[in-house]
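A.B. asks: Residue-level listing of the chains:
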Amino acid sequence: MIASTPKVTESLFVRILLILVALIFLSLVLIVPLVTIFSTGLAKGIQVYWAAITESDARSAIYLTLTAAAISVPCNLVFGIAASWAIAKFDFTGKKLLMTLIDLPLTVSPVISGLIFVLLFGAQGLFGGVVSWLDIKILFAVPGIVLATIFVTFPYVARSLIPLMQVQGNDQEEAGLTLGAGGWRTFWHITLPNIKWGVLYGVILLNARAMGEFGAVSVVSGHIRGMTNTIPLHVEILYNEYQFVAAFAMASILTLLAVVTLIAKTYVKWRTGEEQA
Amino acid sequence: MSIRVEHLEKRFNGFHAVNDVSFRVADGEFVTLLGPSGSGKSTILRCIAGLEEANSGLIEINGQNVTYVPVQERKIGFVFQHYALFRHMSILDNVAFGPRVRGAGKKERHDKARELLNLVGLSGMEHRKPSQLSGGQRQRVALARALAPEPQLLLLDEPFGALDARLRKELRAWLRELHNRIKLTSLLVTHDQDEAFELSDRVLVVNEGKIEQEAHPQEIFDKPATAFVASFVGETNHVEGMVDEGTVAWGPFRFKAIHLKQGTRARVLFRPNDVYVASKREDGGWPGTIQSVQFLGASVSLAIRLEDGSILNAMVPKGVADQSGFEQGKTVYTHITQAHVFPATV
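Order-wise, the sequence lines are chains V and S. If you count the first sequence from 1, you need to add 67 to reach our numbering. If you count the second sequence from 1, you need to add 22 to reach our numbering.
These are calculated hints, taken from the structure and not from any lab test. Mixed in with the good hints, there may be bad ones.
[Stated by the list, open to error] Using 30 Å as the maximum straight-line C-alpha spacing, the simulated DSS-like pairs for lysine-lysine come out as follows:
#1 129(S) / 205(S)
#2 302(S) / 263(V)
#3 263(V) / 151(S)
#4 156(V) / 205(S)
#5 151(S) / 128(S)
#6 340(S) / 156(V)
#7 232(S) / 191(S)
#8 163(V) / 332(V)
#9 232(S) / 302(S)
#10 232(S) / 278(S)
#11 191(S) / 129(S)
#12 111(V) / 263(V)
#13 191(S) / 151(S)
#14 245(S) / 278(S)
#15 204(V) / 263(V)
#16 74(V) / 162(V)
#17 74(V) / 156(V)
#18 151(S) / 332(V)
#19 97(S) / 156(V)
#20 336(V) / 283(S)
#21 128(S) / 263(V)
These numbers come from a predicted model, not from an experiment.
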């Protein structure tokens, strides 16, 4: 592909001005808050910071966040690949509807997503009777948090794969079939290697969202310390109790995750671009 | 291996892509489905491959009914227009893929792949990726890959469509030579008549989901069965007229139309090289003025305005044109040596 560099026509003064405006804006909305999180977290020294993130409620919040992510990532990975395979490679009635449904969690406010589960599994809810009859806890317990996380994060893998698979078309799969490979083999040997970077990209976004989700999880969690608190919920509780150092220390974990995610995302994007070339 | 197709039908959302198509391909034969884009020729090929399921009809490969056999069990080699090489695999792995899924060991399949890459003239490129090859090389890899599982027949879907004219001609000759050597029953789909004529033992002209004519290339050209075949294969002049006592009149010309009903409209088609152009008045010649002369290499194309105002395209060898001094504005006398008369389509 030939990339042409556009000719620069603006004067030096205008260029410097524009760059400065962009830089100032960037530091105000991104860099300053980022630095604040770490400096406040570390304000009373590394020991206090360490104590704040290893204290038992904090540990349980970290553990719960990791659990929710560890369940929702594989679930939505399988769902996302299956859905994008169906949408990109086949024509069927209801395809438009399925695509709209996949986007639903992105368009609905997370709080509403949480409320959906309260309405479904609450005592007066649709499945309330079944839930109490089976004597399982969904709301204000881990299953509710996992369900809400899965719901909120399910578009990510499908969204990153559908355009990729649509561009690639069916040619290579058809070639695989004519060469004697069955559907399963074609999927593992031909489709999957072609979309692997797209899959990884989707998983990174999905994981980041799963760990950082606040709204939906907040509605279904019940905020029981040491039991149903995830990292974002724990941060809120600490902050409301004026434990700023602890709150910022916990926040720094999520921030670190975000930074790692960004780096991984950039790397994957770069690899995808290289593969396409 | 032979192919037999009977009453094949394929519809897409009400659109009749293939409409009652029947034909046969004999063992070792090279047959071409020739037609414009959207004529349904690719769909016929994809039905035979099993990439599309026929709505009704019968497909037999080597006497065995395969109409409902899945594609991976049909033992066919398929070459796609855009190569469809596996991007993430090396050339060697691409070609070895077929033997691999059929259970060949590593050494066996790599030997087979090397042998085929040698056959298509790409030895030494085993470890390259498809993106490092030119279009012509990629299509040769695709052919080697299709041949690797030792298919019963080879299906080619516009295999040279994405290549430039010179390379197309080169690969055409190469493919014909390869076919002579390995004698694998082959079915080619193309919209390029030169390709069809040069490669095939037999040509099936396809239009609107039906086979218009099935014949040897020479016969398709000389004796088109329908007006569509006559106009699709090669350039044509066409005029219309009423059938009167078994003839159609146009100027001083009389075309035989004994196969048509009295008083119906007829369509007369004749090729530019079936127009004889004389510089002197002879019996029956229709005078006209040369309006333009176009040099085409070995021959010259003339646009002649006849007395009734219509334009006639004639093709004459360059030597004749030079000798007779054909140039713009010159008065010439035209004769039509061969024409095909069909009922006019309403």
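A.B. asks: Each hint: holds or not?
C.D. replies: Checked hints:
1. Of the pairs offered as hints, the one joining residue 129(S) and residue 205(S) holds, with about 27 Å between alpha carbons and a cut-off of 30 Å not exceeded.
2. Taking the CA atoms of residue 302(S) and residue 263(V), the gap is about 75 Å. The hint is violated against a cut of 30 Å.
3. Taking the CA atoms of residue 263(V) and residue 151(S), the gap is about 18 Å. The hint holds against a cut of 30 Å.
4. Taking the CA atoms of residue 156(V) and residue 205(S), the gap is about 35 Å. The hint is violated against a cut of 30 Å.
5. A C-alpha spacing of about 19 Å is found between residue 151(S) and residue 128(S), which places the hinted pair at or below 30 Å, so the restraint holds.
6. Restraint check for residue 340(S) and residue 156(V): the C-alpha separation of about 54 Å exceeds 30 Å, so the hint is violated.
7. The straight-line distance between the Cα atoms of residue 232(S) and residue 191(S) is roughly 28 Å, inside the 30 Å bound, and the hint therefore holds.
8. Taking the CA atoms of residue 163(V) and residue 332(V), the gap is about 29 Å. The hint holds against a cut of 30 Å.
9. Proposed proximity of residue 232(S) and residue 302(S) is contradicted: the alpha carbons are some 46 Å apart, above 30 Å.
10. Under the criterion of a C-alpha separation no larger than 30 Å, the hint pairing residue 232(S) with residue 278(S) is consistent with the structure, at around 27 Å.
11. Using a Cα cut-off of 30 Å, the hinted pair residue 191(S) and residue 129(S) is violated, with the two alpha carbons roughly 36 Å apart.
12. A C-alpha spacing of about 44 Å is found between residue 111(V) and residue 263(V), which places the hinted pair above 30 Å, so the restraint is violated.
13. Restraint check for residue 191(S) and residue 151(S): the C-alpha separation of about 25 Å stays at or below 30 Å, so the hint holds.
14. Between the alpha carbons of residue 245(S) and residue 278(S) the distance comes to roughly 14 Å, so the proposed pair stays at or under 30 Å and holds.
15. Straight-line distance between C-alpha atoms of residue 204(V) and residue 263(V) comes to about 37 Å, which puts the hinted pair past the 30 Å bound.
16. A C-alpha spacing of about 44 Å is found between residue 74(V) and residue 162(V), which places the hinted pair above 30 Å, so the restraint is violated.
17. For the hint linking residue 74(V) to residue 156(V), the alpha-carbon distance of about 41 Å lies beyond 30 Å, and the restraint is violated.
18. Only pairs whose Cα atoms come within 30 Å are accepted, and residue 151(S) paired with residue 332(V) is accepted, the gap being roughly 26 Å.
19. At most 30 Å may separate the alpha-carbon atoms for a hinted pair to count; residue 97(S) and residue 156(V) meet this at roughly 23 Å.
20. Our distance criterion of 30 Å between C-alpha atoms is broken by residue 336(V) and residue 283(S), whose separation comes to about 71 Å.
21. Taking the CA atoms of residue 128(S) and residue 263(V), the gap is about 25 Å. The hint holds against a cut of 30 Å.
Against the hints set out earlier in the document, violations occur for numbers 2, 4, 6, 9, 11, 12, 15, 16, 17 and 20.
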